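Asker: In case you want the letters, here they are:
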Amino acid sequence: MKDIIILAIESSCDETACAIVKNGNEILANKVASQIDVHTLYGGVVPEVASRIHIENISIIIKETLKEANMTVEQVDGIAFTQGPGLIGSLHIGVLAAKTLAWAYNKPLIPVHHLTGHIYANAFVKELKFPLLALVVSGGHTELVLMKEDYDFKVIGETLDDAIGEAYDKVGRVLNLPYPGGPKIDKLAKEGKPIYKLPLPKVENPLDFSFSGLKSAVMQAINRLKRNDREVSIEDMCASFQKTALTSLWQKVEAALDSYAVKQFILAGGVAANSELRELVKEKMEKKYPNIDYIIPPLKYCTDNAAMIAASGYIAYKKGIRASFDIGAKASIDL
Amino acid sequence: MYTIGIDTSHQFLLLVLMDENRIIDYKQNQCPKLQSEYIIVELDNLLKRNNISLIEVKNIVVTIGPGSYTGVRIGLTVAKVLGSIVGKTVYTLSTLQLYAGIKNALVLMDARADRCYVGRYNNGVALSEDSVLTNDEIKELLCDDVALIGDLHLFGKESYYPEIAKNFFLLKDKWKKVSNIDILTPVYLKSSQEYLRK
Ligand SMILES: [Zn+2]
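Heads up: the protein sequence lines correspond to chains A and B, in order.
100 is the number that my numbering gives to position 100 of the first sequence; each next residue is one higher, with no gaps.
1012 is the number that my numbering gives to position 12 of the second sequence; each next residue is one higher, with no gaps.
Each hint should be verified, as a subset may be incorrect.
To be verified - Computed cross-link-like contacts, DSSO-like style, restricted to lysine-lysine with a CA-CA straight-line distance of at most 30 Å:
| no. | chain 1 | residue 1 | chain 2 | residue 2 |
| --- | --- | --- | --- | --- |
| 1 | B | Lys1139 | B | Lys1190 |
| 2 | B | Lys1139 | A | Lys330 |
| 3 | B | Lys1088 | A | Lys22 |
To be verified - Stretches of chain A that chain B covers, calculated by requiring three or more beta carbons in the stretch to come under 8 Å of a beta carbon on chain B:
| no. | segment |
| --- | --- |
| 4 | 43–52 |
| 5 | 60–73 |
| 6 | 110–118 |
| 7 | 134–143 |
As the list claims (entries may be wrong) - Just a sample of chain A residues kept apart from chain B, beta carbon distances all over 12 Å, derived:
| no. | residue |
| --- | --- |
| 8 | Lys184 |
| 9 | Pro298 |
| 10 | Leu299 |
| 11 | Ile327 |
If you're looking for bench data, these hints aren't it; they were derived computationally from the structure.
These numbers were taken from a predicted model, which means no experiment stands behind them.
For each residue, glycine too, the CB sits at the ideal point set by N, CA and C.
Turn these sequences into a full structure, and let the hints steer you where they fit.
Answerer: Printed below as a string of structure tokens:
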């Protein structure tokens, strides 16, 4: 069978990325220009600043990717790109670059939903088995996705307010930790104990999430301690927040695993890099669901990258999904 | 050999097809916010209806601002990919310079928040650097000696955007050749420092 090579571009948030992937799982080149240092300076991702950096990086990142793969655009079979969701100004740059390449080289143009990229990042580890349950956790998303087959996505649970990664960043700000809060909280939590009691978020649908209350709970706990002249241990607060957030997260996963017969469970998205979450998944899956296969993606595929967009784009390509040149970026878009 | 002029930095999607001696064809759409959707479609149409293939296009000349941030980035992204990856030679013009053409003109372009981008040009040459001024400051500058061009509705006059397609060609000897396309960035005239969290 002929190899299928996909070049992909991802620019939905604060990484300008390009990758070339063979047959959906063999990475020939994978380049990411991260803006994290700049956004740390700004205390978060500022959309206009992100867009400005994307246009600075876009052509050089494509050029370097081609160079690393030792290929020309003529040799690829399709151009995939993240259409959304994400920051509209950031998305524009990647979408336009992809459209320009597809037009100039007469290649099929393949639109990809960012979250499907996170899901298919797991294809770099091993073959996906269906039906499958994916927990997609990131700065913008907290979703349970059921897949009966390749490229069939059904959201069965989602956050009603903040995404889990957003909650980490907000709590990080409350605790005066530098942006991004997630990795810092994860690290500090290891040095603390979950001694502060924070209420588990309550929602009606057992598969839905809610994290906005947790930030207020952390603030209230801190104020209470201060009122009583007690010192606040940042490490213990991180440990308490993380434990509560992950306990709530896992409750929903179990509810989903108990109600749908799936063959595989996969973790996806930026928050999949959280060390405690990775341990939790491993422990719970092996103990409680030994018959369900599971994948925890390597750290390098958790954060935004274009290889995952190429992996998803490969399946989309085979399914005949194509975009015309009038396609636009979409800040919000359903799976 | 052909050249394509691209301006998306204000409310138009303007694509101009030229050769050494003349404008062959152009397309000017008023589609603020939709430039990103239509730019490739219109580029494709422009070349096809003139039976020209992209291979025969040697140069791209693009406006690099000041103007709408998103708008400027649209034309520039296309130009950067065509320059860096496809291998076209890229030239730039200031957006205000394009709007002035070869006239003796004061060009005003809405920069929001009661400010305008201001360009003072004569015969394609900048008489002062492009800048951003408050509309109150600009009122002091308005006089009858120069042609006023751009978003004049902000000053109680009728807005005026003269034949900018033609200007691409008229300013041919003012096109600035880009030596390293990968580091080309828009001219914003407003620093990203403004976005720092207060
Ligand atoms: Zn992501």
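Asker: Next, verify each hint and record whether it holds.
Answerer: Here is how each hint holds up against the structure:
1. Lys1139(B) with Lys1190(B): With Cα atoms ~21 Å apart, lysine 1139(B) and lysine 1190(B) stay inside 30 Å; holds.
2. Lys1139(B) with Lys330(A): Given pair lysine 1139(B), lysine 330(A) is violated - Cα atoms ~39 Å apart, limit 30 Å.
3. Lys1088(B) with Lys22(A): Holds - the C-alpha atoms of lysine 22(A) and lysine 1088(B) are around 28 Å apart, at most 30 Å.
4. 43–52: Since 7 is at least three, the answer is holds.
5. 60–73: It holds: at least three residues are needed, and the segment 60–73 of chain A offers 5 whose Cβ sits within less than 8 Å of chain B.
6. 110–118: violated (count 0)
7. 134–143: violated (count 0)
8. Lys184: Per Cβ check, lysine 184(A) is outside 12 Å of chain B; nearest 18 Å; holds.
9. Pro298: holds (29 Å)
10. Leu299: Holds, because the least Cβ-Cβ distance between leucine 299(A) and chain B comes to about 28 Å, which exceeds 12 Å.
11. Ile327: Label violated. Min Cβ-Cβ 7 Å, cutoff 12 Å.
Of the numbered hints stated above, those contradicted by the structure are hints 2, 6, 7 and 11, listed in ascending order.
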